[in-house]
Amino acid sequence: MTIALRSDAPVRAKTVSRRAIVAIALPFLTLAVSAAPALATTIERVVSPGGIEAWLVREPAIPLIAVDFSFTGGSVQDPAGKAGTADLVASLLDDGVGDFDSKTFHDRLERKAIELNFSADRESLHGSLRTLTENRDEAFEDLRLGLNAPRFDAADVELNRAQILSGLRRATTSPSDIANRRWWETAFAGHPYGRPVTGTLESVPAITIDDLKTYVKRVLARGNLKVAIVGDIDAETAKTMLDRVFGGLPAQPDLIPIEAASPQGLGNRIVVNLDVPQAVVEFGGAGIARKDPDFMAAYIVNHILGGGSFSSRLYQEVREKRGLAYSVYDSLLWLDHSALFLGATATRDDRASETLDIVQKEIHRLATDGPTAEELAKAKSYLNSSFALNLDTSSKVAALLVQLQRDDLGMDYISRRQGMIDAVTIDDAKRVAKRLLAGGLLVTVVGKPEGLASTAGTAH
Amino acid sequence: MLMLVLTGGVACAAPASAEPDVTDFTLPNGLEVVVIPDHRAPVVTHMIWYKVGGADETAGKSGIAHFLEHLMFKGTEKNPGDAFSADVAEIGGQENAFTASDYTGFYQRVPREHLKEMMALEADRMTDLVLTDDVVRPELNVVLEEQNMRVANNPAARLGEQTDAALYLNHPYGRPVIGWRHEIEQLTRDDALTFYRRFYTPNNAVVIVAGDVAADEVKADAEATYGKVAVRAEIAPRNRPKEPVQEAPRTVTLADSRVEQPTVTRDYLVPSETTAKPGESEALDVLAHVIGSGPNSRMYRTLVVDKAIALNAGAYYSGTALDYGKFGVYGAPKPGVTLHQVEDGIDAVLGDVIAHGITADELGRAKTRLIADAVYAQDNQATLARWYGAAIACGQTVAMVRAWPDQIRAVTADAVQDAARQWLDRRRSVTGYLVKSLQSEEKHS
Numbered sequence: 184m185t186i187a188l189r190s191d192a193p194v195r196a197k198t199v200s201r202r203a204i205v206a207i208a209l210p211f212l213t214l215a216v217s218a219a220p221a222l223a224t225t226i227e228r229v230v231s232p233g234g235i236e237a238w239l240v241r242e243p244a245i246p247l248i249a250v251d252f253s254f255t256g257g258s259v260q261d262p263a264g265k266a267g268t269a270d271l272v273a274s275l276l277d278d279g280v281g282d283f284d285s286k287t288f289h290d291r292l293e294r295k296a297i298e299l300n301f302s303a304d305r306e307s308l309h310g311s312l313r314t315l316t317e318n319r320d321e322a323f324e325d326l327r328l329g330l331n332a333p334r335f336d337a338a339d340v341e342l343n344r345a346q347i348l349s350g351l352r353r354a355t356t357s358p359s360d361i362a363n364r365r366w367w368e369t370a371f372a373g374h375p376y377g378r379p380v381t382g383t384l385e386s387v388p389a390i391t392i393d394d395l396k397t398y399v400k401r402v403l404a405r406g407n408l409k410v411a412i413v414g415d416i417d418a419e420t421a422k423t424m425l426d427r428v429f430g431g432l433p434a435q436p437d438l439i440p441i442e443a444a445s446p447q448g449l450g451n452r453i454v455v456n457l458d459v460p461q462a463v464v465e466f467g468g469a470g471i472a473r474k475d476p477d478f479m480a481a482y483i484v485n486h487i488l489g490g491g492s493f494s495s496r497l498y499q500e501v502r503e504k505r506g507l508a509y510s511v512y513d514s515l516l517w518l519d520h521s522a523l524f525l526g527a528t529a530t531r532d533d534r535a536s537e538t539l540d541i542v543q544k545e546i547h548r549l550a551t552d553g554p555t556a557e558e559l560a561k562a563k564s565y566l567n568s569s570f571a572l573n574l575d576t577s578s579k580v581a582a583l584l585v586q587l588q589r590d591d592l593g594m595d596y597i598s599r600r601q602g603m604i605d606a607v608t609i610d611d612a613k614r615v616a617k618r619l620l621a622g623g624l625l626v627t628v629v630g631k632p633e634g635l636a637s638t639a640g641t642a643h
Numbered sequence: 006m007l008m009l010v011l012t013g014g015v016a017c018a019a020p021a022s023a024e025p026d027v028t029d030f031t032l033p034n035g036l037e038v039v040v041i042p043d044h045r046a047p048v049v050t051h052m053i054w055y056k057v058g059g060a061d062e063t064a065g066k067s068g069i070a071h072f073l074e075h076l077m078f079k080g081t082e083k084n085p086g087d088a089f090s091a092d093v094a095e096i097g098g099q100e101n102a103f104t105a106s107d108y109t110g111f112y113q114r115v116p117r118e119h120l121k122e123m124m125a126l127e128a129d130r131m132t133d134l135v136l137t138d139d140v141v142r143p144e145l146n147v148v149l150e151e152q153n154m155r156v157a158n159n160p161a162a163r164l165g166e167q168t169d170a171a172l173y174l175n176h177p178y179g180r181p182v183i184g185w186r187h188e189i190e191q192l193t194r195d196d197a198l199t200f201y202r203r204f205y206t207p208n209n210a211v212v213i214v215a216g217d218v219a220a221d222e223v224k225a226d227a228e229a230t231y232g233k234v235a236v237r238a239e240i241a242p243r244n245r246p247k248e249p250v251q252e253a254p255r256t257v258t259l260a261d262s263r264v265e266q267p268t269v270t271r272d273y274l275v276p277s278e279t280t281a282k283p284g285e286s287e288a289l290d291v292l293a294h295v296i297g298s299g300p301n302s303r304m305y306r307t308l309v310v311d312k313a314i315a316l317n318a319g320a321y322y323s324g325t326a327l328d329y330g331k332f333g334v335y336g337a338p339k340p341g342v343t344l345h346q347v348e349d350g351i352d353a354v355l356g357d358v359i360a361h362g363i364t365a366d367e368l369g370r371a372k373t374r375l376i377a378d379a380v381y382a383q384d385n386q387a388t389l390a391r392w393y394g395a396a397i398a399c400g401q402t403v404a405m406v407r408a409w410p411d412q413i414r415a416v417t418a419d420a421v422q423d424a425a426r427q428w429l430d431r432r433r434s435v436t437g438y439l440v441k442s443l444q445s446e447e448k449h450s
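If you read the protein sequences in the order shown, they are chains A and B.
For the first sequence, our numbering assigns the number 184 to the initial residue and increments by one for each residue that follows.
For the second sequence, our numbering assigns the number 6 to the initial residue and increments by one for each residue that follows.
Derived from the structure by calculation, the hints contain no laboratory data.
Predicted, not measured: the structure shown is a model, and the values here were computed from it.
Worth double-checking, as some hints may not be accurate.
Unchecked claim - Within a straight-line C-alpha distance of at most 25 Å, the following computed DSS-like cross-link-like pairs (lysine-lysine) qualify: (1) Lys631/A / Lys312/B; (2) Lys83/B / Lys561/A; (3) Lys286/A / Lys372/B; (4) Lys339/B / Lys265/A; (5) Lys121/B / Lys561/A; (6) Lys312/B / Lys286/A; (7) Lys474/A / Lys613/A; (8) Lys372/B / Lys295/A.
Said to hold, decoys possible - Sample of chain A residues at the chain B side, in silico, Cβ under 7 Å: (9) Thr287; (10) His289; (11) Asp290; (12) Arg294; (13) Ala508; (14) Thr576.
Beta carbons: idealized from backbone N, C-alpha and C, even for Gly.
Can you build the whole structure from these sequences, using the hints too?
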């Protein structure tokens, strides 16, 4: 239930990335197996002569092509003291490239309405391309240049750095940004996951052009690449494109090993004072790994607790019954080297304590008693039926196919998924609810929450 | 639950080449239905748009249109409580709703076989909503938290409210759609029901169905569901108070210690797609694109790249509205540069376009990009549904939406310069400054 404001956001400068949270929604929206000629029923695995693999969905109904790809190794690969390197790299890959300076390249992209975007999250450097079919050759060339020949001209680097620093300064007074940063830096103190993707006011000025070039050499390789192509393109053309765009990259990346990590500080609460009328609360704990046999049960339990419909327990208890918040949710989040559940809400300062209390009680209640058989049945029904909604645009399908590859689920995951959901019994759900939710929460609160203080040892 | 629909920022456009075969019909009770086929995935987007929004509220009751939108989820006699939402969740659907100055919309995205069920539920709550104080009171608190989240906690949004209030001297677009907080706090169940009975009736709505459906089956389903809803109110023409001649440029300054990036914005009062002369709103689309859309625009190249005084700068035309459109420009200074230096830079860019117009090359580039947007939009049934719905709710027709790419093709460089000359007039504008403190801003100016 939203509102349309008449004023546009005047500044579109960089903001702190919360993409990790968004990305997790994808893998669970499986493809239509039984459905009619839908966008995603005909996935082809194509391998180029040069050995580059991609998942392809041919859909000629609309004259456009969407390409999505990801290189494993996002901000966790930032050099020590240089947090924000991956993010700065991503912001510069569509600036000057090859023989084109930044202005010339943006002009070239606009003339053909080619959309080329790069971004970094904790674990990957991600890109997407969208073009009209008639401009595909030029679009593929632009993408090739972005990946193989970024210039990192000093003026472009300084502009992008200044834009990122502006975003970081704004984040210092944004309650949701502060709550999120404090959560991660506490849960993963000393681990690369604890560093903000966009870096800090101290680290971003320290990044040199050499750091950017070194990052590109280390991380952009064929061996850690996943690609999906969707739209008005056939397999042969796709193969040619794969070799041309990605064939010049090194075979293997040179990645810093990342150690497995569990979130720390569970049971603690950190309160940061900020003069705002509404306090932002972020809460989370240890999750369950993507490859764990209990994962699907955990996904169902999370959906019942705070997943994406108006029926979740948190939505009902916090919003519907008491009117304490506009937004309350929680998500499962899986990383290559850790797993979490993470949620958030925002409520007036004088009722923040009550709201947090309800969230904790609901988590405790679900951990202790598990879901009801009816809740389980409804959640399964939702999760089985909702997949098709996420397959109705080329870009969504492409993003999904990259995520499935990143999670190493196999092309048959699509046909296996419903069976995996249906196989979760009420006993599984109860057992996994306890496993997922009884481990304690790390909570960050930003605002002027009445009656809430940091727990001992966490004051800051 | 977090989708924010902006009435501007992107040009309202329609499909270009290979456009879908859009069907449009009206039921005997006055409900208009538009069908947009898209057979690529077995899903359907079902939306109902009521031609009522914040600008139709009675003075003193600001926020009632939006509050009622929330209360529409509270159940009916036939489908009590959250039965509707529970049904949507069980079938794996998504749903939400939104309110703007000129319209209020509700939608569900569901597997296609559930379309008729959604129509029946939506038809049921068109006139049979049941509200008790037990559900109204907590929901008012939800709306107040929404206001906290969107506005009170956000200095830029607070400046936006003040800017709109200054831009519209007489028209109700000057009121925030979410309402002024002191008026939201006083809204009651009776206010909501009065508004509901006055505006929620089939002859004041348009249904958009986009997805894997055929027009004839949608028509049969619509007749069997919406067709049974009796007209319950006659709808008066939407004659809102018009703006007087605007003679004085206005400025507003919002200071908040949390502001870490000052910005300057300027909004001009301009025609909407509905009120513009033929070709005029499309000329404004092209003008906004050339001046301020993306890194290849004049504003960005001049202020951010060449002069290097700003971290961001741009422009937009927000034209989908019943009475007035808005042309906005904005800039964010680099550290050490004042807002007034950036504003001077913006004025120089605007002055140059007014004096010399745009080049043939710029015109061609802008057309390519705007028309491509219409093709890209075909890839997203929900986007198409929203374009048609918003345009029709603002007084346009299906034919007008479909003609948009051709209208863009017909824009001349002269028309763009004329639009700049006529509408980029400071006397019809408000300039907004977002600053950390009033004192620091004075020192810089």
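Practice task
So, Arg294/A near chain B? Judge it on the closest CB pair being under 7 Å.
Solution key: holds, 6 Å
Handout entry: Hint validity - His289/A Cβ closer than 7 Å to any chain B Cβ
Key = At 4 Å from the nearest chain B Cβ, His289/A passes the 7 Å test, so the hint holds.
Exercise for the section: Starting from Lys312/B, check that the Cα of Lys286/A is at most 25 Å away, please. Expected result: Answer holds: Lys312/B to Lys286/A is near 14 Å, not above 25 Å.
Problem - Straight-line alpha-carbon gap Lys83/B to Lys561/A, limit 25 Å - result: Satisfied, since the Cα-Cα distance of roughly 21 Å is no more than 25 Å.
Exercise for the section: Given the hint that Lys474/A pairs with Lys613/A, test it: the Cα-Cα distance must not exceed 25 Å. Expected result: Distance ~19 Å between Lys474/A and Lys613/A Cα, so the pair holds.
Problem - Hint status (Cβ of Ala508/A to nearest Cβ of chain B, threshold 7 Å) - result: Holds, because the Cβ-Cβ distance from Ala508/A to chain B comes to roughly 5 Å (cut-off 7 Å).
Practice task
Double-check Thr287/A for me: the hint is only fine if its C-beta lies closer than 7 Å to a C-beta in chain B.
Solution key: violated, 10 Å
Problem - Restraint check for Lys339/B with Lys265/A, where alpha carbons must lie at most 25 Å apart - result: holds, 23 Å
Practice task
Using 7 Å as the Cβ threshold, decide whether Asp290/A counts as touching chain B.
Solution key: holds, 5 Å
Practice task
With a cut-off of 25 Å on the C-alpha distance, tell me whether Lys121/B and Lys561/A pass.
Solution key: holds, 21 Å
Problem - 25 Å limit on alpha-carbon distance, applied to hinted pair Lys631/A and Lys312/B - result: Violated. Lys631/A to Lys312/B sits at ~42 Å, over the 25 Å cutoff.
Problem - Residue hint Thr576/A, partner chain B, criterion CB-CB below 7 Å - result: holds, 5 Å
Hint compliance for this structure: hints 1, 9 are not met, and every other hint is.
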